[in-house]
Structures are given as structure tokens and as C-alpha cells.
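Listed in order, the protein sequences are those of chains F and R.
Just remember that our numbering sits 2 ahead of the position in the first sequence, which is counted from 1.
Just remember that our numbering sits 24 ahead of the position in the second sequence, which is counted from 1.
Check the hints yourself; a few may be wrong.
Each computed DSSO-like pair below joins lysine-lysine, with the alpha-carbon atoms no more than 27 Å apart [claimed, not checked]:
id, chain 1, residue 1, chain 2, residue 2
1, F, 72, F, 40
2, F, 105, F, 40
3, R, 35, F, 40
4, F, 115, F, 40
5, R, 41, R, 102
6, F, 105, R, 102
7, F, 105, R, 35
8, F, 5, F, 105
9, F, 115, F, 18
What the hints contain is simulated information worked out from the structure, not anything from laboratory work.
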Amino acid sequence: AQKVTQAQTEISVVEKEDVTLDCVYETRDTTYYLFWYKQPPSGELVFLIRRNSFDEQNEISGRYSWNFQKSTSSFNFTITASQVVDSAVYFCALSEARRGGNKLTFGTGTQQKVEL
Amino acid sequence: GAGVSQTPSNKVTEKGKYVELRCDPISGHTALYWYRQSLGQGPEFLIYFQGTGAADDSGLPNDRFFAVRPEGSVSTLKIQRTERGDSAVYLCASSFGNGELFFGEGSRLTVL
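Next comes chain F alone, as it looks inside the complex:
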């Protein structure tokens, strides 16, 4: 069975601070995908990244960066220089590649609050 754990329920930071959101996953599959989604107050889930289990390179996109460590089954997400618009719930998710990649198992989310 697949499982995604986001131990941080809520994180509050001040604008311009860096923050790292933790994600630990469990799967028996050797091939899988990992995702991060952002859910602002409007409720719509916004795709941030998809990473194949064979690609352990870290990735940077603007103020966002992701650290994938297969040895510890973690896929952590860092926001640099946080802005108020970053306030949202962030979900980590996992899918089995053999099932087509979009049947996702989500974590419980981390509420990120950025204050002025």
C-alpha cells in the first residue's frame, strides 16, 4: 500500500523567510511518480512538479526547489524568500507509474501561512 506523510500540519513564517515542507512516502513499487500541489483558498489544486522515481536530481524553479532523496524516501519542498501569495495548503502526492501515473495518493497537507 502507498502512503504519504506530511508531518507538518501548519507552518507560519514571516515574509522573505525560507521554508521547507517535508514529505515522506512509502511504496512497494520500484517505479513511481512524486508530486507537489498547491491549494490556495479558492480550493483549486495547482500543479507544481512531477518527479519520476528514477530521476533523483534536485530541481529549482524560481523561488521553488525540491530535494528528492530515495534513500530516505523523502521529497521535500523549499520556498525561498516567502511571499504572502505563497500562503496556501501544500500537498505532496505519490502515484504508481504502472497504473498510468495520475491515480494519486495524497498526504494530509501542510498549511503554509506567510505574514508581513
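Starting from the known structure of chain F, arrange chain R on it as the hints suggest.
Only chain R this time, still in chain F's reference frame:
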């Protein structure tokens, strides 16, 4: 519209009633997914369509839940004999094949 459209955005019903939730995916997207999100939780997979057929319905909680996609575009999630525990936000998503999933804003169902 350009995105995934879901109607109604809010639905309040009484226990025991029948409910239909509609999803209009992005034009041309072959795959359509339904997820359910309870308060304070992550979305949970319900069912996945590839074209008109349900490719995987393993997430439907019981036989009160049913979904259709008769023409391979719009999908309807149907819930019979609603219970208070069915209260949640029902999210629809679509993708082109196994590409990026695009989610709608959801239909919030409240069963009194």
C-alpha cells in the same frame, strides 16, 4: 471555459436524497478523475475514466456512488441515499493521457 468546470459549486441536501455532481473537463483531455476531499485531509481517489469507460473505480466507497462519462467528455458523479459522512468537496481533474492533471475548483457537498 479554459479550465475544468464543476457544477454546482455548492450543494446542500438532506440525508437520504440523491445528488448529481457534474464535471466538464478541458476540451480534448482523454482522462478524467474524481477525487473526494474531506475537511483537513488530502484528496482521495474515487474513479478514473479513460474515454468513456471507467478504467479504475477502486476508490468508490460503496455502491451508493456511481459515475458516468457517456460521450467521453462531461462526467457525472451520482450519489444515492446520501449520508452525513458523504459531506466533502468533490474534485474533478482531467489530463491528456498521463500528462499533468488539471483540477477544477470542486463541488462542496453538505448533507444535513
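Here is how each hint holds up against the structure:
no. : hint          : verdict
1   : F:72 x F:40   : 23 Å, holds
2   : F:105 x F:40  : 17 Å, holds
3   : R:35 x F:40   : 24 Å, holds
4   : F:115 x F:40  : 13 Å, holds
5   : R:41 x R:102  : 11 Å, holds
6   : F:105 x R:102 : 20 Å, holds
7   : F:105 x R:35  : 26 Å, holds
8   : F:5 x F:105   : 13 Å, holds
9   : F:115 x F:18  : 12 Å, holds
The structure agrees with every numbered hint stated previously.
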